[in-house]
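Enquirer: Read left to right, the sequence shown gives residues -23 to -1, 1 to 154 (mature numbering (1 follows the signal peptide of the UniProt record, and there is no 0)).
What the hints contain is simulated information worked out from the structure, not anything from laboratory work. Mixed in with the good hints, there may be bad ones.
[Unchecked claim] Under the rule of at most 30 Å between Cα atoms (straight-line distance), these lysine-lysine pairs were calculated in the BS3-like manner:
#: 1; residue 1: 36; residue 2: 148
#: 2; residue 1: 36; residue 2: 74
#: 3; residue 1: 118; residue 2: 139
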Amino acid sequence: MKNIITMLAGVCILLLVSCSKTGDTGPAGPAGTANVMYSNWVDTSPWMHSSTSVGVGKKTYYFDLAAQQVTQAIIDGGTVLVYMKFVSDPDGAGIAKMLPSIYYNIGGADTQYRFQYGLFVNKIRVICDIIPGGSPANNNKIRYIVIPGGVPGARMASYDYKKMSYEEVCKLLQVPL
């Protein structure tokens, strides 16, 4: 019995002496929201008439937004979210909506606006198809959020941003509204 008590006392002393506050640095964790980049809200002006996207019963316009944060690495492995605030949205003017988005003209359902976008290095091209015709407003507002690709399986990858409101995305990513 005396040997067991002596051995337990020795183990306790050894554990207390071997503990310290310093040690080797552990591996880097997954990328967090500190790497998230975003633009200010800007007007969608000027819209250019497309000569390559033509069809019967529609007009197509595009707007190029300079986006230095959109690199080839972002296109290949990151996420880019594009939001617009439409001045004549039937759901309410100034509501931020993720693209792609479709809405019908206020005052009647005879004109349909289809907004989508394409990514290029250093540029986001916003495209608007209008059926049967017309032109998009120059004072709609647009903004983008860039989320760099991180460690596979990282927490951010588990979010479905398309199911989240603009406000929820901004809160999650710590982006000012």
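Enquirer: Can you list which hints this structure breaks, lowest number first?
Expert: Failing hint: just 1.
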